[in-house]
Each structure stands twice: as C-alpha cells, then as structure tokens.
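Undergrad: Protein chains in written order, with my numbering: chain C, 1 to 294; chain F, 295 to 553.
Don't read these hints as lab results, they were simulated from the structure.
Note that the structure is a prediction, hence the values are computed from the model and not measured.
Wrong hints could be hidden among the right ones.
[Said to hold, decoys possible] Between beta-carbon pairs, the in silico distance windows are: (1) C:ALA278 to F:ALA310: 48 to 58 Å; (2) C:SER17 to F:ALA310: 33 to 43 Å; (3) F:LEU361 to C:ARG284: 26 to 36 Å.
[Claimed, not checked] Computed footprint of chain C on chain F; a stretch qualifies when at least three of its residues, placed anywhere within it, have a C-beta under 8 Å from a C-beta of chain C: (4) 392 to 403; (5) 429 to 435; (6) 467 to 475; (7) 488 to 497.
Yeah, the Cβ is synthetic: ideal placement off N, Cα and C, and Gly gets one too.
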Amino acid sequence: MASDTLAATPRTDAEISGLDALEIAGRERPGSRARRFWSATWPKLAALALVIGIWQVVFWTGWKDPWALPAPGTVFADLGRYLGSAALWEGLATTGRRAAVGFAAAVAVGLVLGLGVARVKVLRAALGSMITALQTMPSIAWFPLAIVLFQLTEQAIFFVVVLGAAPSVANGVIHGVDYVPPLLIRAGRNMGARGLNLYRYVIAPAALPAIVAGLKQGWAFAWRSLMAGELLVVIAERTSIGAQLTYARDFSDSPRLMAIMIVILVVGLVVDAAFGAADKAIRRRWGVLDQAGN
Amino acid sequence: MTSTTTTPRSATGSVALRGVTKVYGQGENAVLALDGVSLDVAPGEFVCLVGASGCGKSTLLNLVAGLDRSSGGQIDLGDGVNPGLMFQEPALFPWLTVEANVEVPLKLRGLPRAERREKVAELLRTVHLAEFGRKRPHQLSGGMRQRVALARTLALDTPVLLMDEPFGALDAMTRDILHDELERIWSERRLTVLFVTHNVREAARLADRIILLSSRPGRIIYSTRVDVPRPRRIDSPEIANIAAEVTDRLRTEVGRHGQ
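If we strip away everything but chain F, and leave its shape as in the complex, we get (with noise of 0.2 Å):
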C-alpha cells in the first residue's frame, strides 16, 4: 500500500496533556517546572502559550516534540504522528544549501529523489523563496532563514507544529510578514499550532486561544479565546485589548515572585 500522506490532509492532529508534570534534577535539588499541565488542543486549533520566564513553556514542547522524557502524566498525539517543532534560531544546518535542508526531513521519511526535488520546489514555493534555493543559509536574512526552517518543518508532512518563540529574534516588520505567512500556511494545510510566546500582542495576533502559564512551577493559570475574525492586523484594537487583559494576568503573575 503506498502511504497518501504526501498531501496536505485534513488535520488528525489533536494534542492532548493529562497532568504533565516535569521535574528537573533529583533530591533536594529537584526542581519542579511543570506541574499537572492538561491541555487539549483541537486538530485545526491555533493555540499560544504565555507566561514569564521559568514558566516551562519551551519545556512543554520538547515533551510534546518528544525529546524530553515528563516525569508524569500522559501526552498524547494521536497514532503515528511526529510532531514538528520550530526553534527561537532556524537552526538550518550552515553546510547544505536551502533546498538541500528542506530536503532532509524527505530523505530521512525515504521518499524517492524526483519526488523530494518537487516538494521542495513546492514547499519553498510556500515560503516565498522559490528562487533562493541554490543561496546558503548564511547568504539569507533572518527572516528568510525562519522561513526556510518552517519549509523544513512542513517537509515532515505532520498535522501538528510546535513553535518555540519562533520570530522572537526578529524585527517588528518582519515578524508581521511572517505571521500572515504562518496564519496562511496554517490554514491552507489547517495545522494543529502550539506556539510558544512571550509577546502578548503576537499571540493575540495568532492564537484561536490563548493559555497563560505560571512560573516556577508552570501551571496553567488562565486561559481565552480570541474570537476576533481573520485576517487580522497585530496593531488592530482588538488585539490591544485583548493582549492588554492578557498582560494584566501575567503582571499579576509575576508580581506574585517579588513578594
């Protein structure tokens, strides 16, 4: 049987957390970072997570991504699916060209050559960057090289990406190019996204909901829907008044730590 997963399906990707919980180190020394997190993100659903440094968000997603191991609780992805995960750094690898980076999550999947050369046309397509497939990573912008890791990403034919401050290194114009890029690709191939932010107003920007996380240890403390129609713009009133009762939260939160 030959496998139809090469096309963008319909999202299977529901995630689900039952009472994750992360401790790091042993002891008296144990730290807890996660502490009872449930979560259940619908396939299709855009989800942000927020919170204050220590609050174990990027924690959260290796344990979905499933390179860290949680000390309790259950996640689960449904059958089969790996998710993808996206970095702050595209972590592109400096020694192959674009395409050939977009390439490797197809060689690895064992797909036959002419078949990785049109996906990759057709991924960087996607992204916008059809003719920079010959440049190297370091002949890009910044910008370019977040947007060559996401063609990298989706070359993993997943339903559900993890998004770890992706634009967090990049400049305000850039970063609302590359969330109308995201909230596009996102709903051509309606992706299950849980993306990790500290910017309020970016999640607002994004997120179908929106979950706030302590610190020290993370817990889910608040959690709201975003119910302003797409497409949306980052400096809309909407999205300031929204972001603006989310900051609040996360004041508060943090105000908590300086008692």
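This is chain C alone, in the form it adopts within the complex (with noise of 0.2 Å):
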C-alpha cells in the first residue's frame, strides 16, 4: 500500500523483512528468572557456610578465649537479640540519617566538582590530579583535622564523609564526560542541539553509567568514612551504630561488637547492591550485557 515510485520495491519489501527476520533471530535469551537466581546465589551461600564453618573450627580449636572469640552461635544468638531491641534501630537511624545526609552532601559536591572540571579547562589543570589525589588519602587521616575545627560534633563527621566521597563522584562524571563518544556529539549537534541541550540530550545520559560508577564508589568511601567517624566522635546522647562498637569493645561484650559488625556488613551490601542493581539495569538498557555476554 505504499506509494512506492520504482517498480522493483515490493520485491524490496518483502526481501527487507525477511532479511531483518533472519537477522535479529536468536537475539533473545531464554532461561527462567528463578534458576538465573539460583545459579548466582548458590556459590555465594557456599562461601558463606565455609567462613563460618572455618570460624566454628577455630573457636574449637581455643586459640582465643571464649569471651574474645566467641562462637558463631553464640554471635547469632546475640545478634537475634539485638535484632529485637531499641537500640539497633536507633542507631541505624541515626547513622542511616547521617549516612544519607553526608553522602547526599557528597553527591551534590561532587557533581558540581566534576561538571566544573570536565567542563572547564583551567580547573582541570588546577584541580584534575588533585582530585585522584585526594582519592588516595585515607579518610581517617582526615579526621584530627576534623575534631580540631569541629570539635567532636556531627560536622566533623559530615566533612571527613564529604572528604571521602565527593571525589570519587566527581571523578565518575568527569570520567563520564570525557568519553562520550565524540560520534553521539557530532550527531547531537547535526540535530541542532547546542549547549545546554547538548547536554541533556546526549552527554548527561552518555555519561550516566559512568557516573553510577562514581556513586557507587563514593558511597563505598562515605559508609567507610562514616564508620570511622562513628567509633571516633562519641556523641553520648546519640547511640550511632559505630558508637555502640565501641562501646561493645568498652564492655569486652564480643558477641555484640561481632553482631554489630555483621550489621554494618549488611547494611554496606544491601546499599552496595541497590547501585550494582541500577548499574546493571543502565547497562542491560544500552545493551553492554548482552555484547559482554553476561
């Protein structure tokens, strides 16, 4: 029903969605959601069983005293309990706002940074190794510096924790910025899009996994930051999960210092794989995956 001016096109027609047909063939992967589950958690519930396993073997073996090394039973039992009681939750809240708030802080730092550098060429001289740089610096390093200017307050915890991570963000969209292909830029600018709308329309989303990158990697030096502000900044009316560690330790209580532990372990996955999550989700849209073959 086309309109078609040469004679030859509906043989055309015909050839062209036969060739498409045999060519996207085969594209889509079978394979059910539940045994993909299975065949990527198996290995890792093993691994689990073996440490603790090995664990229970050294408890046996009485290297350490019970009260140091306590066995895994006795760490779940406690953790169960703790579990149950007010003082996690008020802790993680109290560490989960500040966790949100310094990162937050970060991501905002951050981001503006690496716009700033990416875009602007005398900042990148002034400011591009120093960035990796900071990067390299141990995050507690930075907190007697902290306490000095802060005093033990919140504040230094939220400058070491946006110390940690806004570089880590900021080189993620520096890094994003900078390998866009320049053939997306030519085609963006062919359709008329010019500054800020080049921008939003081929380099912010080019850059977008590399950028998730750069979150995910703060967000690893923010929690690590946060943690280690937490066992040093004691504010006594505000029990964060790294002031009960210490205070665990104060009290040689070591099943409760281990069940704290596991729940900071946790709690670092759990975010670690919502961005692994949305990290996966960018690249299986953009089609990386499949190349990959993952």
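Combine the two chains into a complex, taking the hints into account.
TA: Take a look at the structure:
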C-alpha cells in the first residue's frame, strides 16, 4: 500500500522484512528467572557457610578465649536479641540519617566539581590531579583536623564523609563526560543540540553509567568514613551504630561487637547491591551486557 | 504564521562550494586537506564523492554540515538550511528506544507531542521499521540500525542529506537493499544528496554525478554523469562500465603517490 515510485519495490519490501527477521533471530535469551537467581546465589551461600565453618573450627581449637572470640552460634544468638532491641533501630536511624545527609552532600559537591573540571580547562589543570590525589588519602587521616575544626560534633563527621566520597563522585562525572563518544556529540550537534540541549540530550545520558559507577564507589568511601567517624566522634546522647561498637569494645562484649559488625556489613552490602542493580539495569538497556555475554 | 516545513517539500536544497580550502595545524606542520574545491549540486541531485584515503571527503562533509570551519572559500546552502548528516556508524543513542531516537530531532525542533508521535510513526514506516519502534538499537541488526539513523536524519526535515560512507560497514546483501531504500526515499522526497564513498560501484549505482577527489591535498580531478536510467542494479553491465572508468582514474591518482 506504500505509494512507491519505483517498480522493483514490492519485492524489496519482502526482502527487507525477510532479512530483518533473519538477522535479529535468536537474539532473545531464554532461561527462567528463578534458575538464573539460584545459579548466582548458591556460590555465595556456600562461601558464607564455609566462612562460618572455619570460624567454628577456630573456636573449637581454643586459639583465643571464648570471651574474646565467641562461637558463631553465640554471636548469631546475640544478633537475634540485638535485632529485637530498640538500640539497634535507634542506632540505625541515627547512622542512616548521617549516611544519607553526608552522601547527599558529597554527591552535590562531587557533581558540581566534576562538571566544572570536565568543562573548564583551567579548573581541570588546577584540580584534575588533586581530585585523584584526594581519593588516595585515607579518610581517617582527616579526623584529627576535623575534630580540631569542628570538635566532637556531627559536622566533623560530615566533613570527613564529604571529603571521602566527593572525589569519587567527581571522578565518575569527569570520566563519564570525557568518554562520551565524539560521534554521538557530532550526531547531536547535527540534530541541532547546542549548549544546554547537548548536555540534556547527549552528554548527560551518555555519561550516566560512569556517573553511577562513581556514585557506587563514593558510597563505599562514605560508609567507611562514616564508620570511622562514629568510632572516633562519640556523641553521648546519640547512640549511633559506630558508637555502640565502641561501647561493646569498652565492655569487652565480643558477641555484641561482632553482631554489630555483621549489621554494618549487611547495610553496606545492601546499599552497594542497590547501586549494582542500577548499574546493571543501565547497562542492560544500553545493550552492553548482552554484548559481553553476561 | 505556522511553518510549512513539515511535509516533504520540493527541494530548495542546492549546495554551492566556492574554492573551499581546509588546512589542519599551523606553521610547518600545517596539512592542506582540501585545496580550492568548487562544486555546484543542483536541488534534487544525487552526487557521490569518491576518492582514496586522505582525500578529505569526510572533511568536506563536516564543513558542509557546519561541524567544522573552512580555512577559506565559501559554502552556500541557501537560507536556513541545516543539512542532515549520516555516518558509517549509525551513531544512535543506546539509552533510547528506536522511537525515541527518531524523536530527538523533532523535540529539538520544538514540535508538539502529538505531531512528534505522528511523524515518528511515519518515518519508521518510511524505513520499514514500523514494528520495531519499541526496540533498543542493540536489539537490531546493523542494516536496521542504519535505517533508524536514516529515519532520524529525515526527521530533521532538511532538503540536503550528507552521507559519509553510510553503508561501508554492511554486508553486500544488506547494502543492496539499502541502496534501493535510499534511492526510493531520495526520489519521493526530492532530496539533494552528497554521498561520500570509496566504493566506486556503489557510487555508480546511486549517483547522478560522480566526483573524483585527489589525495593530499583534496582537489576535484574528475567528474562524470551517470546517465543510466533508474531503477538500477549494482551488478548491471552499464554500472560496471562506469565503475571501471572511475576506478582507472582512481588508480592513476593513487599511483601518483607511490613515486
């Protein structure tokens, strides 16, 4: 029904759809979701079981006194009690709030800094290598200065969290903007995208995977800095997770100490997994995952 | 006043180059890429630029597209004409669906949503991809992606199409089909096409006129009309004859650099 002007076209129509069908055949991947989930999960569970097993064996050898290194069973029993206590949830609320505020500030600083360095030549020359240098600085080394500047307050913690996480976020942005394929920029410009529109339609979405990777790394730094901060900067009326960890050590309460460590580990893992899922979703949309054969 | 540029219009798209020169670098390291190229392309004409490596074919297209600035000479496309540019790679946005890719130029032109949706559907029908609008570029084959890129370029609704070896990365079968497609769209929409290729047969198959460029610096050294009636076949004897003629000239030119 197409009003084609050339005689040969009806044959071509059939050819085109035939060729299309042949070329994209077999691109949809089979395999049930549950099976894929299980094949990804069981090695992790096995590794976990192995770690707990080794721990139990070390406990049986009597290498350390039971009050210093408790058995896994003891720790998990205490973890159960801890999960039911108000202390955990209050601690999580305090720590979670600090993590959210600190990370959000770090993201804001990192985005502005990253965009500035990526766009402005002078800023790149001045700050480019400094940002990478900042990343190599162990965040705990900032605390003495932070405590001198802000005393034992939450500001001291935020100061270090932002310094720890912002460089990673900034680096993600710089990396993302730098590696936007020039061809996409040329295509965008040819379509009439200039200035802000070029950022909106081409550069920002093209840089997104690298930015998410930067956020993920930034979160890891923020969480570590926060835990270091909470151990050092204990504010009496706010029993954060880190503060509880310090108390547990002060009272030589090893089961509680290890239960808290497990909570810290799990929180870190859960947030990391959320970033990982976002990253994977983006790469799947882009078709990067399929090409890699994952 | 509402604009009347939304339907395929009779081409106002002539392209005029006057002594266009391009120099890369400065001082002793300067390289003369294009040396006084003058060329008139009539509205609705299909011109193929052929040349060996280093003849500045792509440079010339970039200059006409306004993505690069010439060192001398004039380029005249007529008032307010923004030519569409296609590359060897489709250069689609991988984060968008096929539909959304085609929609980007329409958004940038400020068309309202309903009109955009209508145009996207029409353009995808034009390139025979109506059922693939919801797919993502990576789910399509190379030839299909290049057709999406063509639809996206047509969405600019420009009378002038610049194509930089757009079918260079495709297999012969797919390329044949895309030649038919491009020829149909060109004649339906009365487009002016400036098509760069190093494939002489492809040039003979498609062009009204073939222009041969020398290498380092790029100059026009030969030009010939292709008076074979359309539709044409790339494997027909007439096309082969013309291709042989151009190939001979091209070999002579390449041989000049071997001494």
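Undergrad: Please go over all the hints and tell whether each is borne out by the structure.
TA: Structure-based check of all given hints:
1. Separated by about 51 Å at the C-beta atoms, C:ALA278 and F:ALA310 satisfy the suggested range of 48 to 58 Å.
2. For C:SER17 and F:ALA310, the hinted distance range of 33 to 43 Å is satisfied, since their beta carbons lie about 40 Å from each other.
3. Judged by the Cβ atoms, the range 26 to 36 Å given for F:LEU361 and C:ARG284 holds: they are separated by roughly 32 Å.
4. Check result for the stretch 392 to 403 of chain F against chain C: holds, 5 residues qualifying (beta carbon to beta carbon below 8 Å, three or more required).
5. Counting residues of the stretch 429 to 435 of chain F whose C-beta sits closer than 8 Å to any C-beta of chain C gives 6, which meets the bar of three, so the coverage hint holds.
6. For the stretch 467 to 475 of chain F, the stated coverage by chain C holds: 5 residues have a C-beta nearer than 8 Å to a C-beta of that chain, and at least 3 were required.
7. Given as covered by chain C, the stretch 488 to 497 of chain F fails the check, having 0 residues with a CB less than 8 Å from a CB of that chain where 3 are the minimum.
In the structure shown, a violation is registered for the earlier hint numbered 7 alone.
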